[in-house]
Amino acid sequence: MKPVSYLRASSVEEAASAHGGRTEARYLGGGTNLVDLMKLGVERPEVLVDITRLPLDGVREQPDGSVRVGATVRNSDLAAHPLVRERYPVVSQAVLSGASGQLRNMATTGGNLLQRTRCAYFQDLAKACNKRVPGSGCAAVVGVNHDHAVLGHSPHCVATNPSDLCVALAAVDAVVELAGPGGGRTVPVTEFHRLPGDHPELDTVIRPGELITGVLLPPLPRGAVSHYRKVRERASYAFALASVAAVLQLEGGEIRHAAVAFGGLAHRPWRARRTETALLGTRPSQESVARAVEAELAEAVPLRDNAYKVSLARDLATQVLGSLSTTA
Amino acid sequence: MESNKGPHGGPGTTIRYAPWPRPADSPPGATGSPVTLRVNDAPVEAEVDHRTTLLDLLRERLALTGSKKGCDHGQCGACTVLVDGRRVNSCLVLAVALDGCDVVTVEGLARTEDADGDLHPLQRAFLERDAFQCGYCTPGQLCSAVGMLAEAQSGQPSVVTDPDLATDGPVPLTDDEIRERMSGNLCRCGAYPHILEAVQDVVS
Chain A
1 MKPVSYLRAS SVEEAASAHG GRTEARYLGG GTNLVDLMKL GVERPEVLVD ITRLPLDGVR
61 EQPDGSVRVG ATVRNSDLAA HPLVRERYPV VSQAVLSGAS GQLRNMATTG GNLLQRTRCA
121 YFQDLAKACN KRVPGSGCAA VVGVNHDHAV LGHSPHCVAT NPSDLCVALA AVDAVVELAG
181 PGGGRTVPVT EFHRLPGDHP ELDTVIRPGE LITGVLLPPL PRGAVSHYRK VRERASYAFA
241 LASVAAVLQL EGGEIRHAAV AFGGLAHRPW RARRTETALL GTRPSQESVA RAVEAELAEA
301 VPLRDNAYKV SLARDLATQV LGSLSTTA
Chain B
1 MESNKGPHGG PGTTIRYAPW PRPADSPPGA TGSPVTLRVN DAPVEAEVDH RTTLLDLLRE
61 RLALTGSKKG CDHGQCGACT VLVDGRRVNS CLVLAVALDG CDVVTVEGLA RTEDADGDLH
121 PLQRAFLERD AFQCGYCTPG QLCSAVGMLA EAQSGQPSVV TDPDLATDGP VPLTDDEIRE
181 RMSGNLCRCG AYPHILEAVQ DVVS
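As they're listed, the protein sequences go chains A and B. Take the first sequence: its letter number 133 is residue 133 in the numbering used here, and every next letter is one higher. Take the second sequence: its letter number 111 is residue 111 in the numbering used here, and every next letter is one higher.
Isolated chain B, as found in the complex (with noise of 0.2 Å):
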């Protein structure tokens, strides 16, 4: 079904932002560019300066505050969003480089596929288990969690993953495999435990 929600949510059409000052179709020299990408299922079009990433986009000009900035240096997790079904640093993303792509973020996770429109199965066991403390973190482990759940449906390893194990199938998700594979995402709280038993809860 094709959806006609907005990125907050909400029913939209096309969002355009265009304040950005640029001489006219961007010639040799230009420092801002014009980039198009669907954002949670929503067309966007904008003006971006070139040095704008993706995090600053959605925080600052769509108005997305879910995706956070913890370090904004690629080292906490706090930004993870998926771009075309793969989790990345959203800080470290030059928006201009994702002419094209399609961006979820936490707020379009209750509409993905595996989810019932209201929670994404992995926000509903987050919450059932309390898998968190201040929350800073929170949105950036349940979009790490989605995009490495497909990892390891679609066979990829980590570096806990036995080697010997046949490449043609799905990792089995063991709590020493979800530890590693979550690792890039920093909770200061030290919610782990709980955000593991969160994490299990899905895969099984």
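Okay, chain A solo, but in the shape it has when bound (with noise of 0.2 Å):
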């Protein structure tokens, strides 16, 4: 590690200015990422603005019925709220998936958004990857690419985002508030993330310097019920080979709204809106929904070691959105 500066800041605003968009400057949430990436020599801060003492802890209820949660709640207090249990089980079902308990209690929402993938070559300083060092190369397209994307990859990264939370925020339509030098603005959390394509050292839309200041979450459909499943190689404690949300209302048995997202699968949490179109205005039954999810996972690539992924994913959604359509 190198050596690093550290300041705490106080306000959104010293935040902002002490870290100024320079590329050796790094916000600190819980760190669980980004210090362990730090060790791993990926990341070389030289500066460490630390946020979490800014007043950006709660979680409230809006005017508009809206939800937000400020950026740095930690994941065990966002899943374990009553209002994000009640209206949002998608949401808490999502953080209870991953990672552990320790974890979960140091870990924050905006660091969620913002983790990086766990693709063991961006890990391994010695492999090639173009996500750490752009124009490198790909160890992991003609490498163990298991645990890597089937959706939306390019020649130039594989890489999936290892993030359950997002998955869940894709599928209730959340919103990312930031601050930056040029002031706030919103990014919906479905283009938060980006695809690869010829630039996959950028894993978010996020300008320099730009810091997530909270997420909202709007309010779903009177009636709606959501739910996330995730399968991974062992019980508890490891990131998804494939996880699913969904969200699901229905009128008089036919379906009003639909919302579904894939974890594991991409390079961002894939919104599966040719399942939701063939899903909407219909009355589902076993093979409609089936042939939904086929819609959407009929656009898979996948690679050498993740075929599995396709038909792991698709029996996933099927299962859930049965589940979801008997309950809703």
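These are computed hints drawn from the structure, not numbers from a lab. Predicted model only: the values in this text are computed from it and were never measured. Cβ atoms here follow ideal geometry from the backbone N, Cα and C, with glycine treated the same way. Hints may contain errors.
[What the hints assert, rightly or not] Once the Cα atoms are required to be at most 25 Å apart in a straight line, the calculated DSS-like pairs of lysine-lysine come out as: (1) B:69 - A:39; (2) A:2 - A:39; (3) A:2 - A:127; (4) A:127 - A:39; (5) A:2 - B:69.
[Unchecked claim] Now the stretches of chain A that chain B is said to cover, found in silico as 3 or more residues with beta-carbon under 8 Å: (6) 1-14; (7) 31-39; (8) 47-57; (9) 68-81; (10) 94-101.
Two independent chains are provided; combine them into the complex using the hints.
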């Protein structure tokens, strides 16, 4: 690790000014990913701006019925909050599906949105990785890519986004609040994470120096039900091989609202728009749900080691949607 | 009662460690800072390089070697301690960020409010149930279990908690709940069945 300066910010303005958009500066939240990457030498910041004491740690209902989650709300507090458990069970379940009790006590909401891929080649300085060193190549394309993407990847990067929370946030159409040198702005979570394309070094659309200040959860349609289900290689404390977050609302037996997002399949949480379109206005049956899911996964392009993800994701989404449609 | 014990369990006053060279008053660009915290009820003031993790501060500077360095990447849980009552992986926390915080390590568990001054009930249960073989993961298992019990008592759900459970009461700790909630602590000897029994003894 390189020697690093440290500033404990007491306001968003002070934090943004201390960061200044410099490439060698990083905001420090729970540190569960950043400190780990510093030890690995993947991250080499010279300036740390500690944002954990900023007044961004509340979960509050807004006048319009949405719920605002501050950026420094710890994962465990987010998952346990009554407003989140009662109105957005998919969000609570997704958070609790990830990491461990210790890590969830540390990790922040904003940090979760910015966590880096767990691609082993990204974390290994001896290997080629366009995300870590643009232009160096991608060892995963020809390497062990059991854990990698089947949707939206490019010849330059096949990494997946590791977050559980972000999959649920994509399914509830959450909105990211940002503060930056040019003022504040908001970005839908579904547009916050990028596909790798020619610039896999950019995980998100965040601009240099911008700070996530919170996440807005809009109200779900009345009577909507939601669920998150994740498959991993052990019963707990592992990243997703594949996961699905779904929100469903039925009226008179017909689907009026459907939001489906996959995790573990792509460089960003993957909204299954084709599935949603196919479901809307239908009376769900096992066959119609399976066809709707297939419409999305027909787009998948598996790598050498991960064709299993396509059938896994299909079965997972079919099961979750089938189960939700009987309770909605 | 105000405790006057030091982080090692003996009588103590404020412990000052200031060997780290730094420019006066940590001007912008300084790579070290003073930090003040409480460790096992004793005030600690130290100059830390900003890269110092809580785990390294405990082990290398305060000689509190109960907390173990297993993976040093937040994957094994051997370094688990309590910060302001919450369990965390001390290998991933930078000490400088903890200014003003209250830290309890395995060395301090026997003096927390549930303990009898000799052993914490969980420590006693681990002994009675033979909940370890090599013992390397045990300090982390103990601190994690203490934090976990408080989380369940305060109503924090886990992924195996019944979604229909009321959000304003404690979560009953079934075996499945304990397994899930303790999954951040690996035991490579495989003492899990006895760890589960020991934790369950304290629950019931």
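Hint by hint, here is what the structure shows:
Proposed proximity of residue 69 (chain B) and residue 39 (chain A) is supported: the alpha carbons are some 14 Å apart, at most 25 Å. Proximity of residue 2 (chain A) to residue 39 (chain A) is assessed by CA-CA distance (about 10 Å); at most 25 Å being required, the pair is judged to hold. At most 25 Å may separate the alpha-carbon atoms for a hinted pair to count; residue 2 (chain A) and residue 127 (chain A) meet this at roughly 21 Å. Annotation: proposed proximity of residue 127 (chain A) to residue 39 (chain A) holds, straight-line Cα distance about 17 Å (limit 25 Å).
As the CA atoms of residue 2 (chain A) and residue 69 (chain B) are separated by approximately 21 Å, the hinted pair is consistent with the 25 Å bound. As drawn, the segment 1-14 of chain A meets chain B at 7 residues by the rule of a beta-carbon pair under 8 Å; at three or more, the given contact holds. Check result for the segment 31-39 of chain A against chain B: holds, 6 residues qualifying (beta carbon to beta carbon below 8 Å, three or more required). Coverage of the segment 47-57 of chain A by chain B holds [criterion: at least 3 residues with CB-CB distance below 8 Å; count 3].
For the segment 68-81 of chain A, the stated coverage by chain B is satisfied: 3 residues place a CB nearer than 8 Å to a CB of that chain, which reaches the threshold of 3. Three residues within the 8 Å Cβ limit are the bar, and the segment 94-101 of chain A against chain B gives 5, so the coverage statement holds.
In terms of the numbered hints stated before, the structure departs from none.
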